[in-house]
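S.K.: Sequence:
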Amino acid sequence: MPKTPESSPSTVVHVQVGAADAGQRLDNFLLRHLKGVPRTRVYRLLRKGEVRVNKGRAKPDYRVVTGDSVRIPPVSRSEPRQDDRPLPQGLADLLEWSVLLEDDDLLVINKPAGLPVHGGSGVAVGVIEALRKMGRGKPFLELAHRLDRETSGCLVLARNRPALLAFHELLRGGGIDKIYLTLLAGRWPGGSVE
0 MPKTPESSPS
10 TVVHVQVGAA
20 DAGQRLDNFL
30 LRHLKGVPRT
40 RVYRLLRKGE
50 VRVNKGRAKP
60 DYRVVTGDSV
70 RIPPVSRSEP
80 RQDDRPLPQG
90 LADLLEWSVL
100 LEDDDLLVIN
110 KPAGLPVHGG
120 SGVAVGVIEA
130 LRKMGRGKPF
140 LELAHRLDRE
150 TSGCLVLARN
160 RPALLAFHEL
170 LRGGGIDKIY
180 LTLLAGRWPG
190 GSVE
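In this text, residue positions in the sequence shown follow numbering that gives the first Met the number 0: the first is 0, and each later residue adds one.
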């Protein structure tokens, strides 16, 4: 089995950049490969020149390309935080029933209102964490966009980096239209909302 940063924290590791990681910033590439290493430590490694790309120093904003050899020095890490609590069965069932499309590139769900897309302050688990716990995100699952907690609708998740980048390009280039509908109860006082 080849050494990876996860399996060999006490030795120098050389990681070959694959097509799925091409175009990523070096700092993001390292953060993804060095789970449990604080962000400040990763940036210190880069500042001191301990991380090398093709035997040379590289800046955090360097975009890795397929075939690059990234040298990662021995680095101590804290244990990644694992939430061992089981996913509530009701949430798992709700998300299973919410799947609208699933293929090798994308997972699209009908996100219900009231459910956050990701965990954070005061939120134990969001859609992305729940789907990963359910095994839907092996080996990759990332939000392609976000919806507010109280907004329901189609939520697109990418199952690989090229799909994520392609979706983002469509959003930026106007190749995807977002349409919002609002349901009101009671009497509207007049005027318009833009």
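The set of hints was computed from the structure by calculation and includes no laboratory data.
All values reported here derive from a predicted model rather than from experimental measurement.
You may find that some hints are simply not true.
Said to hold, decoys possible - Cβ-Cβ distance ranges computed for the label pairs, FRET-style:
#: 1; residue 1: GLY189; residue 2: ARG43; range: 55 to 61 Å
#: 2; residue 1: GLU149; residue 2: GLY190; range: 45 to 51 Å
#: 3; residue 1: HIS117; residue 2: GLN88; range: 50 to 56 Å
#: 4; residue 1: PRO85; residue 2: ASN27; range: 28 to 34 Å
#: 5; residue 1: ASN27; residue 2: GLY152; range: 24 to 30 Å
#: 6; residue 1: THR65; residue 2: GLY35; range: 41 to 47 Å
As the list claims (entries may be wrong) - In the DSSO-like style, the derived pairs of lysine-lysine whose C-alpha atoms are separated by at most 27 Å in a straight line are:
#: 7; residue 1: LYS34; residue 2: LYS47
#: 8; residue 1: LYS54; residue 2: LYS34
#: 9; residue 1: LYS34; residue 2: LYS177
#: 10; residue 1: LYS47; residue 2: LYS58
#: 11; residue 1: LYS58; residue 2: LYS34
#: 12; residue 1: LYS177; residue 2: LYS54
Cβ atoms here follow ideal geometry from the backbone N, Cα and C, with glycine treated the same way.
S.K.: Does each hint fit the structure? Answer for all of them.
M.R.: Hint check:
| no. | hint | in the structure |
| --- | --- | --- |
| 1 | GLY189 <-> ARG43: 55 to 61 Å | holds (59 Å) |
| 2 | GLU149 <-> GLY190: 45 to 51 Å | violated (23 Å) |
| 3 | HIS117 <-> GLN88: 50 to 56 Å | violated (21 Å) |
| 4 | PRO85 <-> ASN27: 28 to 34 Å | holds (31 Å) |
| 5 | ASN27 <-> GLY152: 24 to 30 Å | holds (28 Å) |
| 6 | THR65 <-> GLY35: 41 to 47 Å | violated (26 Å) |
| 7 | LYS34 <-> LYS47 | holds (20 Å) |
| 8 | LYS54 <-> LYS34 | holds (23 Å) |
| 9 | LYS34 <-> LYS177 | violated (34 Å) |
| 10 | LYS47 <-> LYS58 | holds (10 Å) |
| 11 | LYS58 <-> LYS34 | holds (20 Å) |
| 12 | LYS177 <-> LYS54 | violated (45 Å) |
Of the hints listed earlier, those the structure fails to meet are numbers 2, 3, 6, 9, 12, in rising order.
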